[in-house]
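Trainee: What follows is each chain in one-letter form.
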Amino acid sequence: MSIFNEKQRRKRRIAREAATWLARHDSGTIDEERFHAWRGATPEHAIAFARALAVWREAQSKADADTYHLLQSRFTRRRAAAAIGGMGMAGLLTAGAFTSRAYAWDSSHSGVGECKRLILPDGSRAMLNTDSEMQWRFSDDERSLWIVRGEVGLELVRGIPARIHGLDRMASLSHGRFNVRLEGAAMDVTVLSGKASAAPVSAPVVMPGQPALIPIVIASPSEGLLLSAVAPSVRKASPQHLAATIAWQQGEIVFDNEPLQTAVREYNRYLAGKIVIADPDLTGIPVGGRFTSTDPADFLSALELGLGVRATPSNGGYVLTR
Amino acid sequence: MPVSIIRPIDIWFAEQIFPHEQRFHAAALRISGSRDEAEELVQEAFARLFELEGWAAIEDPRAYVVRMLRHIAIERLRRRRIVDFRQFADTDHLTLADDAPDQHRIAAGRERLRRASDLIAKLPERCRTVFVRRRIQGESSQEIARDLGISQSTYEKRLARAVELLSRSWQGDEDALPAAAGPANTSRRSGSR
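Residue numbers (numbering that gives the first Met the number 0), protein chains in the order written: chain Y, 0 to 321; chain G, 0 to 192.
Because the hints were derived from the structure by calculation, they are not lab data. No residue lacks a Cβ here, since even glycine has one placed at the ideal position from N, Cα and C. Incorrect hints may have been included.
[Said to hold, decoys possible] Restraint-style ranges between C-beta atoms, simulated for each label pair:
| # | chain 1 | residue 1 | chain 2 | residue 2 | range |
| --- | --- | --- | --- | --- | --- |
| 1 | G | Q141 | Y | E32 | 16 to 26 Å |
| 2 | Y | V318 | G | A62 | 32 to 42 Å |
| 3 | Y | R33 | G | I8 | 16 to 26 Å |
| 4 | G | H70 | Y | S313 | 45 to 55 Å |
| 5 | G | G32 | Y | R33 | 37 to 47 Å |
[To be verified] List of simulated lysine-lysine pairs, DSS-like, C-alpha gap at most 25 Å:
| # | chain 1 | residue 1 | chain 2 | residue 2 |
| --- | --- | --- | --- | --- |
| 6 | G | K156 | Y | K10 |
| 7 | G | K156 | Y | K6 |
| 8 | Y | K10 | G | K121 |
| 9 | Y | K194 | Y | K235 |
| 10 | G | K156 | G | K121 |
| 11 | Y | K273 | Y | K115 |
Sequences and hints are given; from them, build the entire structure.
Mentor: This is the structure:
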């Protein structure tokens, strides 16, 4: 009995410590060095802290379900992309800067629903998501990548900074892991590890030893760099967002209380036969879950089971109704 | 919340592992037959997962953990002198038995949300107020502390207490957030073992 009590007490103490670290972290009063020492002391501490984080995040998903439309974080990217969709002209004007790329580029593309892995000349890896195209040129003094369309995951080995172009945008990447997606008139670079930096395309070339005239924007791990017709911006990527962003690399698609309309649009990227929402009342229903990206059967049956939405096959695709 | 001290593996755990913690305990209990040992099995599996380099590539983390539980249990059984073969036989069915189809995720997600709200509702009032205002309503800590007329440190203690109680009740600690007294709860097992 006393052994049991001893164990129980220990468990509670660790749960309390983990919760305290999390509360301090959230309040910005955490002593990081002491935290790392605590977490590294025993696996139990690391587990307890991750559990506290899980509890914390679970409450957030409840908050999202309550007021998902009021919370901006998850939808910032799409909102931003929609907002600048009308600014294509501004983008076109600066597009000339890179038209000299038309020599010695290798390229690869993926079809709808296809996912393709590539090894780049320096040993870096790339993965093309559905309906994507990338071109690249590597030499001793150049690592250039051009996303023509779609979405690419990159795992860059050490070396000179890689320049990644998309539309008329350009970012510079260190070694590390990145997810790069073109959406509307924007290129969205999510940093999983390493650094991504950007200067406006029209910025003068920065010469070594001279200060840049326009401040360079830098994104670190767990941040996203959005390059649009307006000035490049960095935003924190929430853990949910990060996980959902790279889910496709496992052949999955993750919705975390997204409006049905958004979820369907995402799904349609992977499908030759598209899903259409026939009933406008359905568009705002929040949906969540993890599904196989190329096969909507589970997604559709989840909609039916969970929300009473019917999917009727039509023209090779599906129509959703009440 | 800044994410600096939170590693990708923590997020992965929070997202892929802990939502199934009770299921892991149930599976471990089926293998080991003792509550204490079941808890050790789960703890050991989690500890090994934290050490695992390729965690990000695990396709179905839930099934993976159940397999781990089985392997760890078998390792332990082998170290014993007398082996109860029924336990081996039982473990063979575990992976299958535990594989609920994924299409129930939406319904399961709703269930989880309901569970989360239920647990939050059971928090002691002071902790709940702080937790809900910070986490659900998204107010800043300074705002909440000022409004309640409490110090930053008291605020942090209440917030931490809320997270602690929720964590413990996730872990199956029935004393953490006991059900409110009432006729509906008289049939509930009360912490005895």
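Trainee: All hints are to be evaluated individually against the structure, with a verdict given for each.
Mentor: Status of each hint after checking the structure:
no. : hint                         : verdict
1   : Q141(G) / E32(Y): 16 to 26 Å : holds, 24 Å
2   : V318(Y) / A62(G): 32 to 42 Å : holds, 34 Å
3   : R33(Y) / I8(G): 16 to 26 Å   : holds, 20 Å
4   : H70(G) / S313(Y): 45 to 55 Å : holds, 47 Å
5   : G32(G) / R33(Y): 37 to 47 Å  : holds, 40 Å
6   : K156(G) / K10(Y)             : holds, 18 Å
7   : K156(G) / K6(Y)              : holds, 24 Å
8   : K10(Y) / K121(G)             : holds, 21 Å
9   : K194(Y) / K235(Y)            : holds, 13 Å
10  : K156(G) / K121(G)            : holds, 18 Å
11  : K273(Y) / K115(Y)            : holds, 21 Å
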